[in-house]
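Undergrad: So the chains spell out like this:
Protein chains: 4
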Amino acid sequence: MKLPEPLRGVVTAMITPLLDRDTLDIAGLKRLIDRLIDGEVNGLFILGTTGEAPSLSYQTRQEVIRHTCRHAAERIPIIVGITDTSYTESLRLGRYAADAGADGLVLAMPYYFSTSQRELVGYVQRLVAELPLPVFLYNAPTNTHHVLAPDTLRKLSELPKVRGVKDSGFDMIYFHKLVWLFRDRPDFTLLVGPEELTAEAVLLGGHGGMCGGSNICPKLYVDMYKAAASSNLEALRPLHSRIMQISSTVYHVTPENSSYLRCLKCAVSLTGICGDALAEPFEPLGPAERERVRRHMIAAGLLEN
Amino acid sequence: MKLPEPLRGVVTAMITPLLDRDTLDIAGLKRLIDRLIDGEVNGLFILGTTGEAPSLSYQTRQEVIRHTCRHAAERIPIIVGITDTSYTESLRLGRYAADAGADGLVLAMPYYFSTSQRELVGYVQRLVAELPLPVFLYNAPTNTHHVLAPDTLRKLSELPKVRGVKDSGFDMIYFHKLVWLFRDRPDFTLLVGPEELTAEAVLLGGHGGMCGGSNICPKLYVDMYKAAASSNLEALRPLHSRIMQISSTVYHVTPENSSYLRCLKCAVSLTGICGDALAEPFEPLGPAERERVRRHMIAAGLLEN
Amino acid sequence: MKLPEPLRGVVTAMITPLLDRDTLDIAGLKRLIDRLIDGEVNGLFILGTTGEAPSLSYQTRQEVIRHTCRHAAERIPIIVGITDTSYTESLRLGRYAADAGADGLVLAMPYYFSTSQRELVGYVQRLVAELPLPVFLYNAPTNTHHVLAPDTLRKLSELPKVRGVKDSGFDMIYFHKLVWLFRDRPDFTLLVGPEELTAEAVLLGGHGGMCGGSNICPKLYVDMYKAAASSNLEALRPLHSRIMQISSTVYHVTPENSSYLRCLKCAVSLTGICGDALAEPFEPLGPAERERVRRHMIAAGLLEN
Amino acid sequence: MKLPEPLRGVVTAMITPLLDRDTLDIAGLKRLIDRLIDGEVNGLFILGTTGEAPSLSYQTRQEVIRHTCRHAAERIPIIVGITDTSYTESLRLGRYAADAGADGLVLAMPYYFSTSQRELVGYVQRLVAELPLPVFLYNAPTNTHHVLAPDTLRKLSELPKVRGVKDSGFDMIYFHKLVWLFRDRPDFTLLVGPEELTAEAVLLGGHGGMCGGSNICPKLYVDMYKAAASSNLEALRPLHSRIMQISSTVYHVTPENSSYLRCLKCAVSLTGICGDALAEPFEPLGPAERERVRRHMIAAGLLEN
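Chains as they are written, first to last, in the working numbering: chain A, 1041 to 1345; chain B, 1041 to 1345; chain C, 1041 to 1345; chain D, 1041 to 1345.
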């Protein structure tokens, strides 16, 4: 499936349904894919941060790729996270994804060593040259502790296989600088990571977002995207407000930084798609926290009472 | 002058025109005030970060207050930064501002010691109780190294003198959380600091911005605000793009973090309002850098060739 | 009083005894000075971080200088912190200290704006040229958010008035690099800030430390210094262990970052020298915490039961 | 080979000799092992940060384990880094190491997600229960962005398989707190990571260090350890000074954070043991930098002219 240029809309950063810390829940994965396609999202992004990819074994990562590609069966674009600290393992995942029928790759910077912009340029140039699919570069400083500087991205965008950026830097000035920097490249995709920032990214020149919340309720995020893309602020504001409500309540049941991931998985499980097992080092929410998620979901219109 | 509730629009975070490292350029200050009032900004914010307040002696800070209030002469709301590491000096500045005729105060957290949210709450409660004017709390983590957590702000908003927030945290999720948290307080002002984020803040529920660039060219920022406030995205997008061009070029002539402040002051001086002297520890741009600012200004339509 | 070159031993980073948030406790200050001179410390450092200088008004800072110099009356070297965000106020404090009879100054970098090493060099060169006393540069990244790079210090050490460094960077590799870098300057003082690091600093080429704990019990820190300076490890180890016990227990009664300062002041008050009032934004420990400090002091041999 | 309790002395954090980005140089590895055993180091630590483990494929990591165990052949204790973001892969490496004949494991925290102390405790408890060898916990905040709090370590030290800590936190107060906290556990190993801090760690109660520089010249670091362990400060100081010279010159040929790793590997290659190939994302030093390393090595007595 050829990826649109640019890739627009809501691309769901998919959770990985698990039976235990490292066993894929294949049935749950299929149900989730069907929900997302039914919900009219514009793409699936598997094995990202929300998909807990770095916490999964390589065997499980390959199973996620294989079962997603097989079940989605050309119904929707699939892009696969191949971020890793090991070049060889990234490359292997990229080749596996191509063989399985995926449409694109997402690559964040290797996240153990502190690496300069000059070194990151070299790394991406060498790796992308060997990768068999289009690549989106992933700015993910919260987890990788590297910012991909705008100039670095500009330079790397000259590689034909580099098709765009997913920015999860939580810094909208940075994102707007990319929009300005790539004003002569209407084909170059600029997606934002956090669902809370998708509306403004799209209003001001971005192409879409990787909304994790669309795992729970794709319609809300697709509607928000459509309202933003059509500059319909009257429709947009209440949708955005509901997204902020979810962000402020459903995802914040514990003060730990893992709260987003654990609450999101809990919320998806409360919609009946799959269980709430997480990969290490995380554990599911306890019963009291789960009940609070449930009540917040009802308040936000994500569950019936 | 009674402050509107909420305070809306472009409130210029004014530079402090100087003759040397700590001597106020009174004539320049008056010209700048006149430009801003002519440019129809909605308020003046003196002695903030852009005003280099922490770098000025108390005598100079008092002169800035006195001359601004006298020259503006009730033509426009004036709010005064009183942020300091010393409670006593903050209080003294606040009283001086009230006596001089200012309309409100801006207070960021004391910025030497690491202080917990619990301690910040106590500090603000005690200080605000003694202050003679309405107060806007200032989230300025880049410089103070404290984030005012949304819950902290919610608690402090119960103090009658606390009228709003200026958020310079560069984190729009935080800002949107404030919008959501204060959805039942339409009187409570929510302003954003960075000019690059004002458009989206206003589009999605904020009241305005403290645009530093309006020192150079108030019209551009006022037009941007009006387009955002009226949801006119067709008008907004080119204005926002020009603001990003200024941010990406005019302000980035050196790689140092002081670049914004030094370039801004250089740019104002190139418009003929005042010189480019800075308070310590900064020095004006050199001739080559100044020439680059000039060329970027011409490219951005801020200067004629 | 001419400062030794280098200045060796325990220089107490003095607390500022207060009657309330900004009123000097003159009697307490005198008692503290007498304790320290009796305890044979090698110098007094007033208005540092431990002295809460940035939280005090200028009037109070001047009173601390005046009363300390008058009461110490040439019995011991006095060095005065003049760190400030305002060049003019730093200079004024430095001149006041010289007039009052102080022997040296301590200068950390201005702590509001992010400033490059190049800019810091210029700032120090300009300010030191105007200061009337010898200066120790103070590396205090925890509070100022600037590291003084070793090369920056090497450059600044060429100014005749710059006599040494106080390093509170909590990074012993940095300190050892200074020892190595200044191996040809036996006159250039290298002091370490944290009392927990004084032993190793002295064992491996440093000249002493600014032990805050010596406000409570000067003898312990002086004995530790002497053991380290004479390479007597058998004597040193139990003293160092007791210092670590104090650091791990007496200073850690709350999880807040202010714990050190509040516990230290509480501990001094429990020895009867002065009260435990703190400058804003901090408050004294509550009764339960105070009792825990008392019990930890007894366990560490700092109080009798 | 049963590990001594505590494990004392210089345990070399071994580089991984490579032929290219992910191919083990088996002959180089053997030469390096022989040098280290001849040099009388007290243990080999393979697949740590200095060994570039996270950048190597799993196949290569297994080869490093297999060839090291085979070649060292019970002549010296071997401990193996199994740190990974995936629990399953860590466990697999741990089992592989046990089968290959290694004597212990080193485990830092998973380094992609931000994880609370509570969560880290659970993670370590679960993983250690399944591991077949003694484990040293590795505090490596520079790379993992987690600090293992002293209380966390105290709790985890109750697991019988947990035998000690390798601290690469660059914070000697933290290390001294561990010494104080484990004062009743003379069997519990406390090693420090950075070679620049080994002397003081050993002088004040630690058991040794993981000196990376011992890849170049084991004798220097072994001599330093012996001098520190025998409290011979007269012998220690010039050795420590030379170690600081190496740190300040040989390792700092570029301003990039990768400088240490690239210079170390270059230096080893200049001693003729192996080439200077690095795993991605790093590249060897260029010829001019290599020449500077060579000259610094001569100045530090590590190479003959």
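For the record, the hints were derived by calculation from the structure and aren't laboratory data.
Treat the hints with caution; some may be incorrect.
[Said to hold, decoys possible] Calculated pairs, DSS-like style, for lysine-lysine (alpha carbon to alpha carbon, straight line, at most 25 angstroms): (1) Lys1266(A) / Lys1042(B); (2) Lys1266(C) / Lys1266(D); (3) Lys1042(C) / Lys1266(C); (4) Lys1042(A) / Lys1266(A); (5) Lys1195(D) / Lys1070(D); (6) Lys1042(B) / Lys1266(B).
Undergrad: The structure should be examined with respect to each hint, and the outcome stated for every one.
TA: Hint check:
1. Lys1266(A) / Lys1042(B): 41 angstroms, violated
2. Lys1266(C) / Lys1266(D): Given that 25 angstroms is the threshold and the Cα spacing comes to 24 angstroms, the pair holds.
3. Lys1042(C) / Lys1266(C): Between lysine 1042(C) and lysine 1266(C) the Cα gap is close to 22 angstroms, so the pair holds against 25 angstroms.
4. Lys1042(A) / Lys1266(A): Holds, at about 22 angstroms.
5. Lys1195(D) / Lys1070(D): 38 angstroms, violated
6. Lys1042(B) / Lys1266(B): 22 angstroms, holds
Comparing the model with each earlier hint shows violations of hints 1, 5; every other hint is respected.
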